[in-house]
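Trainee: Numbering (my numbering), first residue to last: 548 to 807.
Hints in this document: simulated from the structure, not taken from any laboratory. Everything numeric in this text was worked out from a predicted model, so none of it was measured. Some hints could be false.
[What the hints assert, rightly or not] Mimicking EDC-like on lysine to aspartate or glutamate, the simulated pairs with C-alpha atoms at most 16 Å apart in a straight line are:
{"no.": "1", "residue 1": "558", "residue 2": "571"}
{"no.": "2", "residue 1": "645", "residue 2": "606"}
{"no.": "3", "residue 1": "673", "residue 2": "606"}
{"no.": "4", "residue 1": "733", "residue 2": "766"}
{"no.": "5", "residue 1": "733", "residue 2": "759"}
{"no.": "6", "residue 1": "733", "residue 2": "696"}
{"no.": "7", "residue 1": "741", "residue 2": "773"}
{"no.": "8", "residue 1": "796", "residue 2": "766"}
{"no.": "9", "residue 1": "604", "residue 2": "638"}
{"no.": "10", "residue 1": "645", "residue 2": "571"}
{"no.": "11", "residue 1": "758", "residue 2": "795"}
{"no.": "12", "residue 1": "762", "residue 2": "731"}
{"no.": "13", "residue 1": "610", "residue 2": "571"}
{"no.": "14", "residue 1": "721", "residue 2": "696"}
{"no.": "15", "residue 1": "762", "residue 2": "802"}
{"no.": "16", "residue 1": "604", "residue 2": "571"}
{"no.": "17", "residue 1": "673", "residue 2": "689"}
{"no.": "18", "residue 1": "645", "residue 2": "696"}
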Amino acid sequence: MSEESLQHKEKLYKLFKKLYPNEEPRKIEAPPVEVVPLYPKFETVEDYLEALEYCMKSELFAKDTYEILAQKAINEESRVIFLQLAEMERDHYERLKKAYDLFTSLKSRKMMPEYLKPGGYLFFDKFKARYTFLDLVSNNRDGFIFSRDPPNLIKEWMKNENLSITWISTAPLKGSVTPRAFLDSKEDLIEIMKRGRMVFLVESIEFIIAKEGFKETFELISALRDVAIVSNSHLLVHSTRDTLNEREKAILEAELQVIE
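Using the sequences and the hints given, assemble the complete structure.
Mentor: Below you can see the structure in the form of C-alpha coordinates.
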(Lines of atoms letter the chains of each structure in order from A; the text may use other names.)
(Lines give C-alpha, C1' and ligand atoms only; values in the text may rest on other atoms or scores of the structure.)
Protein backbone atom coordinates (compact mmCIF):
# COMPACT_ATOMS: atom_id res chain seq x y z
CA MET A 548 0.00 0.00 0.00
CA SER A 549 1.39 3.42 -0.96
CA GLU A 550 2.19 6.12 1.61
CA GLU A 551 -0.77 8.17 0.36
CA SER A 552 -3.08 5.19 0.75
CA LEU A 553 -1.82 4.58 4.28
CA GLN A 554 -2.49 8.23 5.18
CA HIS A 555 -5.93 7.90 3.63
CA LYS A 556 -6.65 4.77 5.68
CA GLU A 557 -5.37 6.40 8.87
CA LYS A 558 -7.68 9.40 8.46
CA LEU A 559 -10.70 7.17 8.01
CA TYR A 560 -9.73 5.01 10.99
CA LYS A 561 -9.31 8.04 13.28
CA LEU A 562 -12.70 9.35 12.21
CA PHE A 563 -14.30 5.95 12.84
CA LYS A 564 -12.78 5.72 16.34
CA LYS A 565 -13.97 9.21 17.18
CA LEU A 566 -17.52 8.34 16.17
CA TYR A 567 -17.45 4.80 17.60
CA PRO A 568 -14.69 4.70 20.27
CA ASN A 569 -15.58 1.24 21.58
CA GLU A 570 -15.74 -0.53 18.23
CA GLU A 571 -13.42 -1.67 15.47
CA PRO A 572 -14.17 -1.56 11.74
CA ARG A 573 -15.58 -4.81 10.39
CA LYS A 574 -15.55 -6.23 6.90
CA ILE A 575 -18.96 -6.57 5.33
CA GLU A 576 -20.33 -8.65 2.52
CA ALA A 577 -20.83 -6.44 -0.51
CA PRO A 578 -21.39 -6.99 -4.22
CA PRO A 579 -18.12 -7.42 -6.11
CA VAL A 580 -16.72 -4.32 -7.76
CA GLU A 581 -15.94 -4.65 -11.45
CA VAL A 582 -12.26 -4.10 -12.13
CA VAL A 583 -10.12 -4.21 -15.22
CA PRO A 584 -7.94 -7.29 -15.75
CA LEU A 585 -4.66 -7.25 -13.85
CA TYR A 586 -1.85 -6.92 -16.38
CA PRO A 587 1.43 -8.51 -15.26
CA LYS A 588 2.98 -6.00 -17.65
CA PHE A 589 1.61 -3.45 -20.07
CA GLU A 590 2.18 -4.94 -23.51
CA THR A 591 0.50 -2.22 -25.56
CA VAL A 592 -0.32 1.46 -25.33
CA GLU A 593 -3.99 0.46 -25.18
CA ASP A 594 -3.31 -1.60 -22.04
CA TYR A 595 -1.82 1.44 -20.35
CA LEU A 596 -4.58 3.81 -21.45
CA GLU A 597 -7.29 1.35 -20.41
CA ALA A 598 -5.77 1.06 -16.94
CA LEU A 599 -5.52 4.85 -16.66
CA GLU A 600 -9.17 5.22 -17.70
CA TYR A 601 -10.24 2.78 -15.00
CA CYS A 602 -8.15 4.51 -12.34
CA MET A 603 -9.55 7.92 -13.33
CA LYS A 604 -13.12 6.63 -13.02
CA SER A 605 -12.28 5.10 -9.63
CA GLU A 606 -10.85 8.38 -8.33
CA LEU A 607 -13.91 10.34 -9.49
CA PHE A 608 -16.21 7.78 -7.87
CA ALA A 609 -14.30 8.09 -4.58
CA LYS A 610 -14.35 11.89 -4.80
CA ASP A 611 -18.11 11.95 -5.37
CA THR A 612 -18.64 9.50 -2.49
CA TYR A 613 -16.69 11.65 -0.03
CA GLU A 614 -18.54 14.77 -1.17
CA ILE A 615 -21.87 13.04 -0.47
CA LEU A 616 -20.61 11.93 2.95
CA ALA A 617 -19.53 15.52 3.67
CA GLN A 618 -23.04 16.73 2.85
CA LYS A 619 -24.58 14.14 5.18
CA ALA A 620 -22.05 14.50 8.01
CA ILE A 621 -23.64 15.29 11.37
CA ASN A 622 -20.63 17.08 12.88
CA GLU A 623 -18.16 19.63 11.53
CA GLU A 624 -15.01 17.57 12.07
CA SER A 625 -16.37 14.68 10.01
CA ARG A 626 -17.45 17.07 7.28
CA VAL A 627 -13.97 18.62 7.10
CA ILE A 628 -12.26 15.21 6.93
CA PHE A 629 -14.56 14.01 4.15
CA LEU A 630 -13.92 17.21 2.19
CA GLN A 631 -10.16 16.73 2.63
CA LEU A 632 -10.43 13.17 1.34
CA ALA A 633 -12.53 14.36 -1.61
CA GLU A 634 -9.84 16.91 -2.45
CA MET A 635 -7.18 14.20 -2.21
CA GLU A 636 -9.10 12.05 -4.71
CA ARG A 637 -9.56 15.04 -7.01
CA ASP A 638 -5.80 15.63 -6.96
CA HIS A 639 -5.17 11.96 -7.77
CA TYR A 640 -7.60 12.23 -10.70
CA GLU A 641 -5.88 15.34 -12.07
CA ARG A 642 -2.48 13.65 -11.95
CA LEU A 643 -3.80 10.59 -13.76
CA LYS A 644 -5.53 12.76 -16.34
CA LYS A 645 -2.27 14.54 -17.15
CA ALA A 646 -0.66 11.18 -17.88
CA TYR A 647 -3.68 10.05 -19.90
CA ASP A 648 -3.76 13.25 -21.96
CA LEU A 649 -0.02 13.06 -22.56
CA PHE A 650 0.02 9.48 -23.82
CA THR A 651 -3.16 9.94 -25.85
CA SER A 652 -1.56 12.93 -27.57
CA LEU A 653 1.71 11.10 -28.17
CA LYS A 654 -0.10 8.04 -29.46
CA SER A 655 -2.06 10.11 -32.00
CA ARG A 656 1.23 11.58 -33.24
CA LYS A 657 2.99 8.20 -33.11
CA MET A 658 5.44 9.63 -30.55
CA MET A 659 5.21 7.36 -27.51
CA PRO A 660 8.10 8.05 -25.08
CA GLU A 661 9.94 4.81 -25.78
CA TYR A 662 10.01 5.77 -29.46
CA LEU A 663 11.00 9.42 -29.06
CA LYS A 664 13.99 10.19 -31.23
CA PRO A 665 17.13 11.37 -29.44
CA GLY A 666 17.17 15.14 -29.05
CA GLY A 667 15.54 17.95 -27.11
CA TYR A 668 11.91 18.37 -26.08
CA LEU A 669 10.02 21.26 -24.51
CA PHE A 670 7.13 20.83 -22.06
CA PHE A 671 4.84 23.49 -20.65
CA ASP A 672 3.45 21.05 -18.07
CA LYS A 673 5.87 19.83 -15.41
CA PHE A 674 4.05 16.60 -14.67
CA LYS A 675 3.87 15.58 -18.32
CA ALA A 676 7.62 16.12 -18.50
CA ARG A 677 8.05 13.89 -15.43
CA TYR A 678 5.88 11.12 -16.83
CA THR A 679 7.94 11.16 -20.03
CA PHE A 680 11.15 11.08 -17.99
CA LEU A 681 9.95 8.08 -15.99
CA ASP A 682 8.98 6.22 -19.13
CA LEU A 683 12.35 6.85 -20.78
CA VAL A 684 14.46 5.82 -17.77
CA SER A 685 12.40 2.63 -17.41
CA ASN A 686 14.15 1.45 -20.60
CA ASN A 687 17.59 1.05 -19.01
CA ARG A 688 18.60 4.69 -19.37
CA ASP A 689 20.37 6.82 -16.78
CA GLY A 690 18.38 9.85 -15.68
CA PHE A 691 19.36 13.18 -14.14
CA ILE A 692 16.90 15.76 -12.83
CA PHE A 693 17.62 19.46 -12.28
CA SER A 694 14.71 21.11 -10.50
CA ARG A 695 13.46 23.95 -8.32
CA ASP A 696 11.70 21.34 -6.18
CA PRO A 697 13.52 19.69 -3.24
CA PRO A 698 14.82 16.18 -4.07
CA ASN A 699 12.73 14.48 -1.36
CA LEU A 700 9.49 15.82 -2.88
CA ILE A 701 10.43 14.62 -6.36
CA LYS A 702 11.42 11.17 -5.09
CA GLU A 703 8.14 10.91 -3.21
CA TRP A 704 6.18 11.98 -6.30
CA MET A 705 8.02 9.55 -8.56
CA LYS A 706 8.01 6.74 -5.97
CA ASN A 707 11.73 6.24 -6.54
CA GLU A 708 14.49 6.83 -3.99
CA ASN A 709 17.32 6.10 -6.45
CA LEU A 710 17.10 9.19 -8.62
CA SER A 711 19.93 11.61 -9.30
CA ILE A 712 18.41 15.01 -8.48
CA THR A 713 20.08 18.40 -8.29
CA TRP A 714 18.16 21.14 -6.51
CA ILE A 715 18.64 24.51 -8.21
CA SER A 716 18.37 27.18 -5.54
CA THR A 717 19.89 30.51 -4.58
CA ALA A 718 19.94 29.43 -0.92
CA PRO A 719 23.03 27.67 0.51
CA LEU A 720 21.34 24.31 1.05
CA LYS A 721 22.74 20.79 1.13
CA GLY A 722 22.57 19.16 -2.29
CA SER A 723 21.71 22.38 -4.08
CA VAL A 724 23.49 24.42 -6.75
CA THR A 725 22.90 27.99 -7.78
CA PRO A 726 21.67 28.86 -11.28
CA ARG A 727 25.15 30.27 -11.90
CA ALA A 728 26.84 27.04 -10.86
CA PHE A 729 24.45 25.04 -13.05
CA LEU A 730 25.40 27.06 -16.12
CA ASP A 731 29.09 26.90 -15.22
CA SER A 732 28.88 23.08 -15.19
CA LYS A 733 28.17 23.08 -18.93
CA GLU A 734 31.26 21.07 -19.91
CA ASP A 735 30.64 18.48 -17.17
CA LEU A 736 27.01 18.07 -18.25
CA ILE A 737 28.08 17.62 -21.86
CA GLU A 738 30.58 14.92 -20.88
CA ILE A 739 27.88 13.05 -18.94
CA MET A 740 25.48 13.29 -21.87
CA LYS A 741 28.18 11.96 -24.22
CA ARG A 742 28.15 8.62 -22.37
CA GLY A 743 24.99 7.83 -24.29
CA ARG A 744 21.46 6.71 -23.37
CA MET A 745 21.10 9.60 -20.92
CA VAL A 746 17.91 11.43 -19.96
CA PHE A 747 18.21 14.97 -18.60
CA LEU A 748 15.11 16.66 -17.16
CA VAL A 749 15.52 20.39 -16.53
CA GLU A 750 12.49 21.82 -14.73
CA SER A 751 11.44 25.46 -14.37
CA ILE A 752 14.00 26.77 -16.85
CA GLU A 753 12.43 30.21 -16.39
CA PHE A 754 14.03 30.43 -12.93
CA ILE A 755 17.51 30.07 -14.41
CA ILE A 756 16.64 32.56 -17.14
CA ALA A 757 15.40 35.07 -14.57
CA LYS A 758 18.60 34.78 -12.53
CA GLU A 759 21.26 34.49 -15.25
CA GLY A 760 19.66 35.68 -18.48
CA PHE A 761 18.22 33.98 -21.53
CA LYS A 762 21.30 34.02 -23.79
CA GLU A 763 23.58 31.92 -21.60
CA THR A 764 20.77 29.59 -20.53
CA PHE A 765 19.82 28.98 -24.15
CA GLU A 766 23.44 28.28 -25.10
CA LEU A 767 23.54 25.47 -22.53
CA ILE A 768 20.20 24.02 -23.62
CA SER A 769 21.19 24.21 -27.29
CA ALA A 770 24.52 22.47 -26.66
CA LEU A 771 22.91 19.68 -24.62
CA ARG A 772 20.26 19.21 -27.32
CA ASP A 773 22.96 18.71 -29.98
CA VAL A 774 24.90 16.25 -27.82
CA ALA A 775 21.68 14.36 -27.08
CA ILE A 776 21.07 13.85 -30.79
CA VAL A 777 24.47 12.26 -31.45
CA SER A 778 24.64 10.24 -28.20
CA ASN A 779 21.21 8.56 -28.32
CA SER A 780 20.09 10.66 -25.37
CA HIS A 781 17.14 12.87 -24.48
CA LEU A 782 16.91 16.38 -23.08
CA LEU A 783 13.55 17.27 -21.52
CA VAL A 784 13.07 20.95 -20.70
CA HIS A 785 10.11 22.27 -18.73
CA SER A 786 8.99 25.88 -18.57
CA THR A 787 5.85 27.54 -17.27
CA ARG A 788 4.38 28.97 -20.47
CA ASP A 789 3.39 32.42 -19.19
CA THR A 790 6.80 33.18 -17.68
CA LEU A 791 8.55 33.46 -21.06
CA ASN A 792 8.23 36.45 -23.33
CA GLU A 793 7.21 35.82 -26.93
CA ARG A 794 10.76 35.99 -28.28
CA GLU A 795 12.14 33.54 -25.71
CA LYS A 796 9.25 31.17 -26.23
CA ALA A 797 9.68 31.26 -30.02
CA ILE A 798 13.42 30.56 -29.80
CA LEU A 799 12.94 27.60 -27.46
CA GLU A 800 10.13 26.18 -29.62
CA ALA A 801 12.37 26.45 -32.68
CA GLU A 802 15.21 24.61 -30.96
CA LEU A 803 13.20 21.98 -29.05
CA GLN A 804 10.26 19.87 -30.14
CA VAL A 805 7.17 20.87 -28.17
CA ILE A 806 5.15 18.14 -26.46
CA GLU A 807 1.75 19.32 -25.22
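Trainee: Against this structure, judge whether each hint is valid.
Mentor: We went through each hint and held it up to the structure:
no.: 1; hint: 558 to 571; in the structure: holds (14 Å)
no.: 2; hint: 645 to 606; in the structure: holds (14 Å)
no.: 3; hint: 673 to 606; in the structure: violated (21 Å)
no.: 4; hint: 733 to 766; in the structure: holds (9 Å)
no.: 5; hint: 733 to 759; in the structure: holds (14 Å)
no.: 6; hint: 733 to 696; in the structure: violated (21 Å)
no.: 7; hint: 741 to 773; in the structure: holds (10 Å)
no.: 8; hint: 796 to 766; in the structure: holds (15 Å)
no.: 9; hint: 604 to 638; in the structure: holds (13 Å)
no.: 10; hint: 645 to 571; in the structure: violated (38 Å)
no.: 11; hint: 758 to 795; in the structure: holds (15 Å)
no.: 12; hint: 762 to 731; in the structure: holds (14 Å)
no.: 13; hint: 610 to 571; in the structure: violated (24 Å)
no.: 14; hint: 721 to 696; in the structure: holds (13 Å)
no.: 15; hint: 762 to 802; in the structure: holds (13 Å)
no.: 16; hint: 604 to 571; in the structure: violated (30 Å)
no.: 17; hint: 673 to 689; in the structure: violated (20 Å)
no.: 18; hint: 645 to 696; in the structure: violated (19 Å)
Going through the hint list in order, the structure does not satisfy hints 3, 6, 10, 13, 16, 17 and 18.
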